Each structure stands twice: as C-alpha cells, then as structure tokens.
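**Student:** When you get a sec, could you build the whole thing from the sequences and use the hints?
Going line by line, the protein sequences match chains A and B. Under this note's numbering, residue 528 is the last one in the first sequence; the count climbs by one each step, no gaps. Under this note's numbering, residue 861 is the last one in the second sequence; the count climbs by one each step, no gaps.
The hints are simulated quantities; they were obtained by calculation from the structure and are not laboratory data. What you are looking at is a predicted structure, and each value in this text was computed from that prediction instead of being measured. Where is the CB? At the ideal position from N, CA and C, for every residue including glycine. Treat the hints with care, as some may be off.
As the list claims (entries may be wrong) - Taking CB as the label site, the calculated pair distances span:
| hint | chain 1 | residue 1 | chain 2 | residue 2 | range |
| --- | --- | --- | --- | --- | --- |
| 1 | B | L838 | A | L510 | 29 to 37 Å |
| 2 | B | F663 | A | K523 | 33 to 41 Å |
| 3 | A | G199 | B | F663 | 28 to 36 Å |
To be verified - Below, a sample of chain A positions facing chain B; criterion: calculated Cβ distance under 8 Å:
| hint | residue |
| --- | --- |
| 4 | E63 |
| 5 | P87 |
| 6 | M88 |
| 7 | H91 |
| 8 | R237 |
| 9 | V449 |
| 10 | V451 |
| 11 | G452 |
| 12 | T453 |
| 13 | T459 |
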Amino acid sequence: MKSKIEKKLLSQHQLNAVAAGCLSRNYGRTFCSVVEGGESSSCPKAEDKTDQGEKFERTSKAEPYDIAIVGGGMVGMAFACALSRNPMTKHLTVAIIDNNPALGFKTSFKRSEIPDPRVSTVTPATISFFRDIGAWEYVLQQRHAYFDKMQVIFPFIGLGLHWVGYTRYNARDVGKECLGCVVENKVLHYSLLSSFQSGAELQWALYPARLSSMTVPSPRSVSSRIMSQLEDSPSGRFVKLDLSDGNTLHARLVVGADGSKSNVREMAALKSTQRSYSQSAIICTVEHAVENDCAWQRFLPSGPIALLPVGDRFSNVVWSMRPEEASAHKSMDGDDLAKAINRAMDDGHGPQPGSGVLGGYVERISSFTSWWGPSSSAAEPFRAPPRVTAVASERMVFPLSLMHAHDYVTRRVALVGDAAHTVHPLAGQGVNMGFGDASALAKVIAEGVSVGTDLGELTLLKRYEKERKAGNATMMAILDGFQKAFAVDAGPLNLLRAAAFHGAQYIPPLKRNIISYASGDQKWPLFS
Amino acid sequence: MALRWCLRGLALGRAIGSSSSRLQLQQSTNNALFSARSLPQALQWWRSRADAPLPPSSPLPLIHLPPPDESKHRGSAEGDPLTFSAFSSSIDEVEVAKFAAIADTWWDSEGPFKPLHSMNPTRLSFIRSALCRHFGRDPNCAKPLEGLKIVDVGCGGGILSEPLARMGAVVTGIDAVEKNIKIANLHAELDPVTSSIEYRCATAEKMAEEEQTFDAVISLEVIEHVSDPAGFCKSLGDLAVPDGAIVISTINRTIRSYAVTIVAAEYILGWLPKGTHQWSSFVTPEELVLIMQRASISVQEMAGFVYNPLTGEWSLSDDTSVNYVACGIKRNP
Numbered sequence: 001m002k003s004k005i006e007k008k009l010l011s012q013h014q015l016n017a018v019a020a021g022c023l024s025r026n027y028g029r030t031f032c033s034v035v036e037g038g039e040s041s042s043c044p045k046a047e048d049k050t051d052q053g054e055k056f057e058r059t060s061k062a063e064p065y066d067i068a069i070v071g072g073g074m075v076g077m078a079f080a081c082a083l084s085r086n087p088m089t090k091h092l093t094v095a096i097i098d099n100n101p102a103l104g105f106k107t108s109f110k111r112s113e114i115p116d117p118r119v120s121t122v123t124p125a126t127i128s129f130f131r132d133i134g135a136w137e138y139v140l141q142q143r144h145a146y147f148d149k150m151q152v153i154f155p156f157i158g159l160g161l162h163w164v165g166y167t168r169y170n171a172r173d174v175g176k177e178c179l180g181c182v183v184e185n186k187v188l189h190y191s192l193l194s195s196f197q198s199g200a201e202l203q204w205a206l207y208p209a210r211l212s213s214m215t216v217p218s219p220r221s222v223s224s225r226i227m228s229q230l231e232d233s234p235s236g237r238f239v240k241l242d243l244s245d246g247n248t249l250h251a252r253l254v255v256g257a258d259g260s261k262s263n264v265r266e267m268a269a270l271k272s273t274q275r276s277y278s279q280s281a282i283i284c285t286v287e288h289a290v291e292n293d294c295a296w297q298r299f300l301p302s303g304p305i306a307l308l309p310v311g312d313r314f315s316n317v318v319w320s321m322r323p324e325e326a327s328a329h330k331s332m333d334g335d336d337l338a339k340a341i342n343r344a345m346d347d348g349h350g351p352q353p354g355s356g357v358l359g360g361y362v363e364r365i366s367s368f369t370s371w372w373g374p375s376s377s378a379a380e381p382f383r384a385p386p387r388v389t390a391v392a393s394e395r396m397v398f399p400l401s402l403m404h405a406h407d408y409v410t411r412r413v414a415l416v417g418d419a420a421h422t423v424h425p426l427a428g429q430g431v432n433m434g435f436g437d438a439s440a441l442a443k444v445i446a447e448g449v450s451v452g453t454d455l456g457e458l459t460l461l462k463r464y465e466k467e468r469k470a471g472n473a474t475m476m477a478i479l480d481g482f483q484k485a486f487a488v489d490a491g492p493l494n495l496l497r498a499a500a501f502h503g504a505q506y507i508p509p510l511k512r513n514i515i516s517y518a519s520g521d522q523k524w525p526l527f528s
Numbered sequence: 529m530a531l532r533w534c535l536r537g538l539a540l541g542r543a544i545g546s547s548s549s550r551l552q553l554q555q556s557t558n559n560a561l562f563s564a565r566s567l568p569q570a571l572q573w574w575r576s577r578a579d580a581p582l583p584p585s586s587p588l589p590l591i592h593l594p595p596p597d598e599s600k601h602r603g604s605a606e607g608d609p610l611t612f613s614a615f616s617s618s619i620d621e622v623e624v625a626k627f628a629a630i631a632d633t634w635w636d637s638e639g640p641f642k643p644l645h646s647m648n649p650t651r652l653s654f655i656r657s658a659l660c661r662h663f664g665r666d667p668n669c670a671k672p673l674e675g676l677k678i679v680d681v682g683c684g685g686g687i688l689s690e691p692l693a694r695m696g697a698v699v700t701g702i703d704a705v706e707k708n709i710k711i712a713n714l715h716a717e718l719d720p721v722t723s724s725i726e727y728r729c730a731t732a733e734k735m736a737e738e739e740q741t742f743d744a745v746i747s748l749e750v751i752e753h754v755s756d757p758a759g760f761c762k763s764l765g766d767l768a769v770p771d772g773a774i775v776i777s778t779i780n781r782t783i784r785s786y787a788v789t790i791v792a793a794e795y796i797l798g799w800l801p802k803g804t805h806q807w808s809s810f811v812t813p814e815e816l817v818l819i820m821q822r823a824s825i826s827v828q829e830m831a832g833f834v835y836n837p838l839t840g841e842w843s844l845s846d847d848t849s850v851n852y853v854a855c856g857i858k859r860n861p
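**Tutor:** Set out below in structure tokens:
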C-alpha cells in the first residue's frame with residue numbers, strides 16, 4: 001500500500017515537471033500498471049512509460065475503460081469523485097477527456113484578491129453531497145459565503161399605485177442554519193479535483209483532448225453482430241471514442257458532462273428541446289461598505305437582478321436583461337455601472353412597502369395568518385439591500401436559454417449536468433441540478449456493479465433517467481414559469497403577480513415548502 | 529386447436545389429481561420416462577409441431593426417448609442432448625430453426641426473454657447475499673465472489689453467468705442445448721471480463737460423472753423443466769464440494785402461479801411463448817426442500833420474487849407463491 005502511494009507521488013512530481021501533455025496520459029497508466037501488476041492490457045509496457053515525448057500508442061485489443069467521462073468540469077469531476085468514494089465503484093477504470101489545463105493537477109491554487117464573477121449558489125443538498133465525496137473540506141479552506149437570509153422583491157408601479165412586494169426567507173423557517181452557500185466556480189472545481197486526487201483508488205487516465213467523434217454500437221442482435229466479424233475489435237460491443245489528438249479509446253459507458261453545447265449529446269443523436277430567452281445575463285463582482293449576509297433578488301420589468309454575498313464584503317451581481325442592454329452595461333464606466341446596479345436594486349421603483357393603501361391591507365391580513373405557525377421571517381420587515389460602492393471585477397455577458405434533452409440516456413451513453421438541461425439563473429438551481437444528476441448516476445452505477453450488470457446496459461441507465469428526469473423537468477417548468485410570469489409588463493397582471501408572490505410572505509407553510517424545495521431537500525414542489 | 533385444449537385440460541386434471549403422489553412417482557427412476565410424464569411429453573411433441581417454441585433450456589429430449597440406462601442417466605430423462613434427433617430430419621430442422629430464432633433473442637432485453645432479464649438483478653442480489661454470507665465474504669465490495677468456482681446449470685444464453693463473472697467468480701456454464709452454448713460463448717467473448725467463462729454443452733449428470741466439483745452450483749428456472757427433479761437435484765448435489773452452496777430457483781405450484789405464469793404471462797400479456805411452462809411440473813417449496821434433503825443438501829435460505837406491475841420492478845420478499853429461490857449447503861453424506 002505504501003509503495004503504491006510512493007509511486008503515485010513520484011509520478012505526480014513527474015507530472016508537475018513536464019507540461020500536461022502525453023505524460024498526463026501516462027500518469028494514470030503508471031498507477032494502473034502498478035496496481036494491476038500488468039494484468040490489464042490497457043496498461044503500457046515498460047518501454048512506453050519511459051518515452052515521455054512519444055505519442056502513446058494503444059493496441060487495438062486494449063481492454064476498454066469502464067467509464068469515459070467527457071468533460072472534466074464541475075459536474076464531471078463531481079461524478080468522478082462520487083465514483084471514487086463508493087466502495088462498489090472505486091475499482092472501476094475511468095478515462096477523463098478534457099483539454100482544460102487545470103486538470104493537469106497543479107499543486108497550488110492561487111487565491112485571488114477579488115472574487116471571480118463566475119459563482120454558483122450551492123444548496124444544502126449539494127453541500128451534503130460534497131461532504132459525502134470529501135470535497136467540502138477543500139471548499140471551506142477557500143473563500144465561501146454561507147447565507148441564511150434571502151429577500152425577493154417584486155416592485156409594482158402602475159395604476160396610480162407605487163408598491164413594493166417582497167418575500168423574506170430565513171433559514172430558521174425550516175430549522176436550518178443556512179439557505180445555501182455562494183462559492184466561486186473555480187473554487188468548487190479545485191475542491192473537486194483535490195478530493196479526487198486525494199481519495200482516488202480509482203484507476204483513471206486523463207486525456208487532454210477534445211472528443212472528435214464517437215461510435216455507439218447499434219442495437220443489432222447478437223448473431224448479426226457476430227456475423228459481421230467485428231468480434232476481433234471491441235468496437236462491436238463498446239463505444240469507440242476518437243479524440244482530437246489522434247488517440248482512440250473504448251469504453252463501456254460514456255458520460256457526457258460537457259456542458260450545454262454537448263458533443264456527446266450530439267454524437268449520440270439525443271434530441272433536445274431548446275428555447276433561448278431573449279435575455280442575456282451580465283455578471284460582475286461588486287464591493288460594499290458593509291458585510292452582506294443576505295441574498296437579494298429583485299424582479300424588474302426587464303429581468304431579475306440578483307445580489308449574492310461572496311464573502312469579504314464582496315457580492316456577485318447577476319442581472320438578466322435584453323442582449324443589447326447587457327452589452328451597453330458591459331461597456332459602461334465602473335461608477336455608472338455601480339449607480340445602475342444600485343438603482344436597479346433599490347431606487348426608482350416605488351416607496352417601501354408598508355406605505356400606501358395596499359401596504360396597510362396586507363399588514364392587516366398578516367395578523368390573521370399568524371395563527372398558521374410562527375414564522376420569524378413573516379414578521380421581519382422589509383430591508384433595503386446594501387449599496388454598491390464599486391464594481392470590482394471584469395464583466396461577463398452570457399446569453400440565456402432553456403434546454404432539456406428528451407432522453408438523458410441511450411445505450412452506453414448518459415448525460416449529466418448542463419449537457420442534459422440548462423435553466424435561467426434566476427433561482428440558482430442550474431448547477432445544483434447537475435450535481436444531483438452526478439450523485440444519482442453514481443448511485444445507479446454502484447447498484448449495477450453490485451449485481452454484476454454490464455455498465456452500459458440501457459435498463460440500468462433508464463433507472464437513472466427515471467430518477468432525475470421528472471424532477472428536473474418539474475423544476476425547469478417552475479423556473480420557466482417564473483421567468484415568463486415576470487416577462488410580461490401589463491398593468492393588471494403586474495398587480496396580480498406582485499400581490500400573489502407577496503402573499504407568500506405571509507403563508508409560512510408555503511414558505512417552508514418553497515425553501516425546502518429550493519434547497520434540494522424535497523423532490524417535488526408540492527405534496528411531498 | 530381443439531385437441532390441444534383437450535390435451536391441456538387432461539394434463540391439468542392429471543396434475544391436480546396426482547400432485548400429492550408426484551414425489552413417489554419421481555422416485556421410480558427407471559420408469560421416469562414412461563410414467564405420468566409420457567402424456568405431457570406427447571403434448572410437447574404436439575406443440576413442437578404446432579409452432580409453439582420450446583422452453584429456454586429444456587434438457588428434455590423432445591422426440592427421441594433414449595432407453596433408460598441406469599448407469600448412464602441416473603434416472604433423469606436428460607439424455608445425450610446431441611441426440612436431439614427427431615423421427616425425421618425435417619422436424620429436427622424445424623426445432624433447430626425455432627431455437628435459432630429464439631436463441632438470437634436471448635440477449636434482446638425487450639424480446640421473448642424480457643421477464644428473465646428484468647428479474648435478473650433481483651436473482652443476483654439474492655445469490656450475492658446468500659453466497660457472501662455462506663463463504664464469509666464482504667458484500668460491500670465490487671467483486672465479492674472472487675475466486676469461487678461456480679457452475680450455472682441450464683445457463684441458456686449466459687444471462688446469469690456473465691454477471692457472476694463480473695462479480696469475480698470463475699464460472700462454468702452448462703446447458704443441454706448446443707445452440708444456447710454457441711450464443712453464450714459468442715456473447716461472452718465480446719467483453720474481456722466475461723470471456724473467461726467456460727461454456728459446455730453438457731448436462732448436470734454428465735458433469736457429475738466426470739467428477740467435476742464446484743464451490744457453488746446454481747440452477748435457476750430449470751428444475752421445473754426437468755422430468756426427474758429428484759435425480760436432477762441429486763446431480764446438482766454431486767457437483768458441489770462438501771459445504772458448497774447450491775442455489776435453485778423455480779416456480780411454485782399454486783393456483784396463483786397458474787394464473788400468473790401461465791394465464792397472464794403466456795396468454796394475456798404474451799411475455800412468454802405459449803407452452804413454456806407446464807403447471808404440473810412446478811415444484812412447491814416443501815417438495816423442493818424434501819428433494820434437496822434427499823440429495824444431502826440442507827436448505828438454509830428461501831425467498832420469493834414478486835413483481836410489482838405498477839412499477840415494473842421485481843423485488844425479494846417472503847411471498848413464495850409464484851417465483852421463489854432456495855439456497856442450501858451440501859452436507860457430507
């Protein structure tokens with residue numbers, strides 16, 4: 001055991017000494033051959049390892065990988081970590097295909113002064129998944145921001161009324177300590193890489209290349225497959241992956257974790273429904289004078305704007321608006337942008353709630369509904385979001401679209417994360433759905449291994465799809481419904497909408513339901 | 529058509545009437561062929577002519593009944609399967625052709641063997657937990673059966689043998705039908721992990737004669753197709769090392785199993801080809817335990833497989849009224 005670790009460390013130094021290239025392929029190989037004692041023919045012979053500059057040649061009769069993960073991003077690496085932590089799956093052979101140099105396993109992580117604008121809000125369900133796979137301890141060592149309060153603001157202006165509806169959520173409503181945690185994407189990714197490296201008994205190999213083509217075996221009957229004389233090469237039975245650097249590998253199961261423009265989804269001919277919102281999101285990091293401990297979101301006629309605490313008096317702004325406005329904001333001066341953000345979050349959209357006729361009505365109703373149970377946040381008054389003092393980072397603009405694959409799986413192929421579904425960022429659910437997919441697929445594969453199932457079998461993969469697709473589709477429908485509801489700007493509808501959503505502020509059971517659904521603790525929005 | 533129904537009714541009536549005395553009949557080894565089985569055998573012949581496909585791995589020679597040879601057969605009707613020879617070559621070709629058509633679909637999980645495929649994970653989880661408990665293996669690892677020599681009697685296309693090999697066992701699969709062995713071999717060779725499985729066209733008796741022994745003997749959904757269950761069980765026992773495990777699964781002989789496996793599965797839902805099962809040859813748990821005890825196997829565990837039509841999933845339960853499985857240990861005689 002000790003010698004195994006020593007050999008592993010040694011090859012890690014080798015890896016750091018030479019740029020990520022063909023050697024990174026040999027890294028996993030070295031480990032593999034040490035463990036297996038050369039039994040598997042996928043391990044290189046001694047002479048291959050020494051020729052570090054030479055391209056790695058594989059024999060055609062090489063043993064196929066159990067799983068090939070295409071895409072080593074957050075969801076792909078989370079899936080790899082989940083496999084490596086489960087006792088059933090930790091001895092599988094895994095190939096990770098991604099030409100991101102970060103996967104070359106640099107030893108150190110540069111903590112940047114200013115948070116990167118690409119952040120994700122991880123829900124409590126995702127946090128517990130990260131704990132299970134041993135990655136959360138690495139996140140805690142870097143910048144992260146728990147938040148236990150959330151305020152969603154629905155302003156209404158029109159019909160002679162100025163009114164701001166709001167809903168305030170507190171983690172204490174459901175007896176929890178936090179509603180979520182905001183973490184930079186690169187921190188999440190690095191934590192997953194660290195956890196994977198430290199825990200992996202998995203035999204894995206990294207292929208720093210892109211997938212150029214993939215051949216999935218067709219569902220012909222056994223006899224015709226045999227008759228076609230393909231039994232000499234494993235391609236008759238397994239998926240053949242051709243990479244951009246000329247390598248070819250075979251795998252029993254290909255997991256597509258390669259993002260919304262997934263190659264795997266395209267090559268496996270899995271259809272999807274796509275609709276682009278006529279909105280783009282502009283993201284940037286902003287600074288405050290005081291610490292921000294609450295997540296703010298305000299629904300404007302043009303689109304929602306969110307202010308998420310990132311830690312160290314920084315917050316992340318995600319503002320969805322029309323594409324041309326987004327590019328205008330992107331090229332704005334820093335001060336002007338800060339002013340625009342402050343205006344969007346707080347000013348110019350009517351007085352504080354509690355004033356005006358409607359406000360008075362609503363407060364009277366709240367006293368009636370208080371018998372439904374104590375809810376601290378129902379009694380909490382409206383608070384104004386903290387003012388932005390400066391824009392601290394570069395701005396990025398992303399187009400927003402909705403996409404859902406009709407099928408997540410086919411023979412020997414499964415999709416996870418953004419490759420299977422993309423959503424509007426208005427509720428911070430996108431990557432959490434992806435992590436849920438990774439966790440579910442790892443569990444299903446472990447169940448399959450426990451009864452000796454062939455990993456690419458459709459019946460096994462359908463179980464993963466059954467578990468995830470319906471839940472994901474429901475969440476996406478709700479988010480899409482939200483987006484549509486706020487996209488219309490018509491007087492009476494605005495009032496109705498604002499009143500309806502504000503009503504949730506005074507209905508504690510509904511609020512508890514919303515919180516636990518959004519936290520991932522509840523699978524279905526109602527009747528759970 | 530009408531004649532087929534009459535014969536079926538007769539067979540059923542006979543079965544109900546003679547179920548209690550079935551055991552005694554089976555004991556008369558010499559007469560196994562010419563006892564109450566002869567009518568169902570004729571029925572099989574009739575069915576074979578009338579385009580009903582055979583049960584998956586029937587060791588019962590359809591047409592040619594070899595003379596009972598005490599020394600060779602040990603009372604089972606499983607003759608040399610290569611003498612699947614017919615009265616005339618045309619019927620043989622028909623049989624082989626029918627088998628070829630079915631054998632092709634062994635591995636089509638939506639084809640005629642769909643119930644077997646969908647039941648497979650449940651059967652495997654029982655075998656896994658039973659063998660792990662018996663051999664003291666850690667069930668929480670990927671290859672708990674590492675190094676165990678297992679024989680799959682009546683392996684068919686290898687649906688059970690391949691997962692057992694993936695769990696680390698050294699598997700030998702035997703079946704009386706040559707075509708099944710061919711298909712199983714070719715399918716297993718497609719994956720390096722399963723290519724180590726040895727398939728042989730043989731019967732349990734033949735293997736026992738060759739004095740082959742295994743750590744575990746598994747025979748699922750076979751004993752209800754055998755003409756002499758007691759003799760078959762004895763051969764299974766002979767194949768096991770002392771303190772080895774024997775796992776047998778079959779279908780119970782109850783009204784419910786008739787309704788489910790014959791009426792529903794064969795006629796209404798069409799899951800199985802008509803004529804696959806014969807209710808009279810189903811074995812009750814009590815009979816099975818008795819048969820196994822006579823073969824020096826002490827039964828340790830028994831469980832039922834139930835199918836939930838709403839979710840389409842099989843699960844293990846205490847309900848043995850339709851499908852059930854038993855695991856026993858070979859005692860030193």
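**Student:** Compare the structure with each hint and give your call.
**Tutor:** To see whether the hints hold, each was checked on the structure:
Evaluation of the 29 to 37 Å hint for L838 of chain B and L510 of chain A yields a pass: the beta carbon distance comes to about 31 Å. A C-beta distance of roughly 39 Å is found between F663 of chain B and K523 of chain A, which places it inside the suggested range of 33 to 41 Å. Between G199 of chain A and F663 of chain B the beta carbon distance is about 29 Å. The supplied range of 28 to 36 Å therefore holds. At about 5 Å, the closest approach between the beta carbon of E63 of chain A and any beta carbon in chain B falls short of 8 Å, and the interface hint on this residue holds.
Of the supplied interface hints, the one on P87 of chain A holds, with its beta-carbon coming within about 5 Å of a beta-carbon of chain B, less than 8 Å. This hint holds: M88 of chain A has a C-beta 5 Å from the nearest C-beta of chain B, less than the 8 Å allowed. Interface restraint check for H91 of chain A: the shortest CB-CB distance to chain B comes to about 5 Å, inside 8 Å, so the restraint holds. Interface restraint check: R237 of chain A against chain B, minimum CB-CB distance 4 Å, threshold 8 Å, status holds.
Checking V449 of chain A against chain B by beta carbon gives a least distance of about 5 Å; that is within 8 Å, so the hint holds. This hint holds: V451 of chain A has a C-beta 4 Å from the nearest C-beta of chain B, less than the 8 Å allowed. For the restraint placing G452 of chain A at the interface with chain B, the shortest Cβ-Cβ distance is roughly 3 Å, inside the 8 Å limit, so the hint holds. Given hint, T453 of chain A at the interface with chain B, holds; its Cβ is 6 Å from that chain's nearest Cβ, closer than 8 Å.
Proximity of T459 of chain A to chain B holds as hinted, the smallest CB-CB distance being about 6 Å (cut-off 8 Å).
In summary, the structure agrees with every hint in the numbered list given earlier.
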